[in-house]
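**Q** Be aware that the sequence shown starts at 9, since it is given in my numbering, and climbs by one per residue.
Keep in mind the hints are simulated off the structure, nothing from the lab. Treat the hints loosely; a few may be bogus.
Unchecked claim - In the BS3-like style, the derived pairs of lysine-lysine whose C-alpha atoms are separated by at most 25 Å in a straight line are: (1) 26 to 84; (2) 54 to 74; (3) 74 to 26; (4) 26 to 37; (5) 84 to 37; (6) 74 to 84.
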Amino acid sequence: MVKHSIFEQMEHGSLGQKFNFEAVFEQIKWNQDGLVPAITQDQTSKEVLMMAWVNRDALIETLQTKQVCYWSRSRKCLWRKGESSGHRQYLTDARLDCDGDCLLFLVDQTGPACHTLRPTCFYLGLNTDQVTILTQPVI
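The task is simple: from the sequences and hints, build the whole structure.
**A** Structure, rendered in structure tokens:
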């Protein structure tokens, strides 16, 4: 008998079916640094606010406290969004993609999401001949 991964089992699951958190958590595809990308989206507007990295501790803290926590690769420590700026992200929903290698956080964002003080980190429009700034900082 072939043993299927938890993700293969969920692929064939039915609406509302529940799976053990620990079993799923252990099969998340953490990279060589123990991280997985997290896309953060405004829960009301659905605008993508940012992408950052999460390790196991950051994910558990986020799920427990409902305040989003990431892993700062530059500082090599947990980064609680807004702890210095006050521009916090409050988790309304957390999702895992179909093969366990990316998270989606739906949040209530207080203040701008980007360190540039723009509403989103995705404020640069790309074209084949130019890059255009699409939003102004919020002052």
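**Q** Next step is simple, just say for each hint if it's right about the structure.
**A** Here is what the structure says about each hint:
no., hint, result
1, 26 to 84, "violated (34 Å)"
2, 54 to 74, "holds (18 Å)"
3, 74 to 26, "holds (21 Å)"
4, 26 to 37, "holds (20 Å)"
5, 84 to 37, "holds (20 Å)"
6, 74 to 84, "holds (22 Å)"
In terms of the numbered hints stated before, the structure departs from hint 1 and from no other.
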